[in-house]
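K.L.:
Please take these sequences and the hints and turn them into a complete structure.
There are 2 protein chains.
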Amino acid sequence: MSAGAAYADWIAVDWGTSRLRVWAMAADGTIRAEAASDDGMGGLARDGFEPALLKLVAPWLGSVPVPVVACGMVGSRQGWAEVPYRTVPCAPGALQPVPVATQDGRIRLFIMPGVSQAKPADVMRGEETQIAGFLVEEPGFDGILCLPGTHTKWVHISAGEIVSFQTFMTGELFRLISEESVLRHGIAAEGFDQARFESAVADALSRPERLAQRLFAIRAEGVLQGLTPEAARSQLSGELIGAELAAARPYWLGQEVVVAGALALAALYGDALQAQGVSAQVLDAGPLTRIGLGRAYTTISETTA
Amino acid sequence: MSAGAAYADWIAVDWGTSRLRVWAMAADGTIRAEAASDDGMGGLARDGFEPALLKLVAPWLGSVPVPVVACGMVGSRQGWAEVPYRTVPCAPGALQPVPVATQDGRIRLFIMPGVSQAKPADVMRGEETQIAGFLVEEPGFDGILCLPGTHTKWVHISAGEIVSFQTFMTGELFRLISEESVLRHGIAAEGFDQARFESAVADALSRPERLAQRLFAIRAEGVLQGLTPEAARSQLSGELIGAELAAARPYWLGQEVVVAGALALAALYGDALQAQGVSAQVLDAGPLTRIGLGRAYTTISETTA
Chain A
1 MSAGAAYADW IAVDWGTSRL RVWAMAADGT IRAEAASDDG MGGLARDGFE PALLKLVAPW
61 LGSVPVPVVA CGMVGSRQGW AEVPYRTVPC APGALQPVPV ATQDGRIRLF IMPGVSQAKP
121 ADVMRGEETQ IAGFLVEEPG FDGILCLPGT HTKWVHISAG EIVSFQTFMT GELFRLISEE
181 SVLRHGIAAE GFDQARFESA VADALSRPER LAQRLFAIRA EGVLQGLTPE AARSQLSGEL
241 IGAELAAARP YWLGQEVVVA GALALAALYG DALQAQGVSA QVLDAGPLTR IGLGRAYTTI
301 SETTA
Chain B
1 MSAGAAYADW IAVDWGTSRL RVWAMAADGT IRAEAASDDG MGGLARDGFE PALLKLVAPW
61 LGSVPVPVVA CGMVGSRQGW AEVPYRTVPC APGALQPVPV ATQDGRIRLF IMPGVSQAKP
121 ADVMRGEETQ IAGFLVEEPG FDGILCLPGT HTKWVHISAG EIVSFQTFMT GELFRLISEE
181 SVLRHGIAAE GFDQARFESA VADALSRPER LAQRLFAIRA EGVLQGLTPE AARSQLSGEL
241 IGAELAAARP YWLGQEVVVA GALALAALYG DALQAQGVSA QVLDAGPLTR IGLGRAYTTI
301 SETTA
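Chain order of the listed sequences is A and B.
80 is the number that the numbering used here gives to position 80 of the first sequence; each next residue is one higher, with no gaps.
158 is the number that the numbering used here gives to position 158 of the second sequence; each next residue is one higher, with no gaps.
Hints listed in this document are in silico derivations from the structure and should not be mistaken for laboratory results.
Honestly, I wouldn't trust all of these hints.
No copy labels: a pair is met if it fits in one copy or bridges any two.
[Unchecked claim] Straight-line alpha carbon distances no greater than 20 Å define the calculated DMTMM-like cross-link-like pairs of lysine to aspartate or glutamate that follow:
| # | residue 1 | residue 2 |
| --- | --- | --- |
| 1 | K119 | D203 |
| 2 | K119 | E221 |
| 3 | K119 | E161 |
| 4 | K55 | D9 |
| 5 | K119 | E179 |
| 6 | K55 | D104 |
| 7 | K119 | D47 |
Just so we're clear, the structure is a prediction, and the values are computed from it rather than from any experiment.
P.N.:
So this is what it looks like as structure tokens:
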């Protein structure tokens, strides 16, 4: 350990399909350092996980083994080690991270279990820890938590438990279609046209079954009518979020809804819900995973005390 | 030209987003040779088209310039040269290929125009030539022609004209989701479960708005309930084709329908339609593009005679 480098009492790890984020934590919950890379689960073979983690956290390790608490796809069948799901209903604040063997003796690894639902079949990995973090902040919450992202979750929470949930591939479809499909030629990487987004949401909500056709219409309007790449991006976003809202209607209609995610994306969901008469609270999910991992870390400390 | 190589009177070229197919044709319509490559429009920069074509057709060229008639995305804005669309209603059998300059004097290139529709905005490139080929075979056809593929087209044909059409990105979505999304871990490259396909079609037709959720359910059922990769492939196919049929209902309900495509895929559309009480005729679209290009070649010969 080089002089001046941060030392971690424990390390929080959010390891999703496409990103790896790590925090050097002090025992009192303050953040001493943080780092991130694109070494998501999706790009790693089983023996690639430990090197990818060490690349980021090595400067924080010392002579005493440091507990590492990780959540997300790192615990899936394609991850570092498969950690079984807990089934709903379950209290995310009571989930115990599972010890996993490592090659390097400087870390003691624990991975959070995901949560599954038998019918309709559904799974989450990582969001259970975000929800645990949310419930640390709002212990009495009773309602719907929407977590938009690659795989958006709509979660019914009551009495500190996940009652049921439903996943939509909206974020992944947006990325695949905007970056890999024929539409990529006419879709901007940035920029937004709010009015077009909102009209696309309304359009999708009224005729949700026409998705595959309206997607191609974005291409055709670009070619024939000069639809700008920014407008095309907004329209694609609106079509996909609108289609999701149409399917998730039982989750938000007449419910108290909190949308927690990256703020720009969460705000889009908030706007789309507002247009349907639902005043959703929008918040930045940034700290939630880390807070949830901190709660899980206390259960390790208790176990090993 | 090496001894024994085929010489072409003209060359037919079907140049789509992902594939390039060429035929060395005799003036009397017989095929002297054929070749194909993965040099589709999607992977080529503007100056890559001519070398990609010559790589396949060079053995067929001689001292006299050979007419080359091409259709498909080769004529799009991202293609070799942009050839303007003709608008519906239009007779595909009367479309004139447009001369395009080449570096190599051994070929005389002509590219077919695509067909566009102002409202709802839609475009085709390549299918107009398939339709022209179909109308050479069935000149009196009045009804709906479905051309399943990367971008499936539903085309209303009457009195030798394309009256209207509608495009669905179903094939491209199938490829992206089965090969690039998180579902790829649980989807077989081959194999099929007909019963599961049919139940997914029925499910999608009854609740078409739930697509983004049911896609993730395929992942969840694979993880939790041991859904086999073959069954997952069939279910994804059924979900996407069912959603398409739900949106295309005005095109097939109570109509005479012909489905022309790769036989295995066209048969799936035929089965799905059959389950809705529509007896569609299923045929192999393989020869149609070449027949349509042959019709276009005769208009060049007439022009330059």
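K.L.:
Each hint: holds or not?
P.N.:
Each hint tested on the structure:
1. In the homo-oligomer, the alpha carbons of K119 and D203 lie at most 20 Å apart only across protomers (16 Å), although the nearest pairing inside one protomer, at 30 Å, exceeds that limit.
2. Proximity of K119 and E221 under a CA criterion of 20 Å is satisfied inter-copy only: 10 Å between copies versus 40 Å inside one chain copy.
3. Within a single copy, K119 and E161 get their C-alpha atoms as close as 17 Å, which meets the 20 Å cut-off; across copies the closest is 49 Å, which misses it.
4. Proximity of K55 and D9 under a CA criterion of 20 Å is satisfied intra-copy only: 18 Å inside one chain copy versus 62 Å between copies.
5. Proximity of K119 and E179 under a CA criterion of 20 Å is satisfied in neither setting, with 33 Å inside one chain copy and 26 Å between copies.
6. In this homomeric assembly, K55 and D104 come within 20 Å of each other (Cα to Cα) only inside a single copy, at 12 Å, whereas the closest approach across copies is 53 Å.
7. Taking the shortest alpha-carbon separations for K119 and D47, neither the intra-copy value of 34 Å nor the inter-copy value of 54 Å comes in at or below 20 Å.
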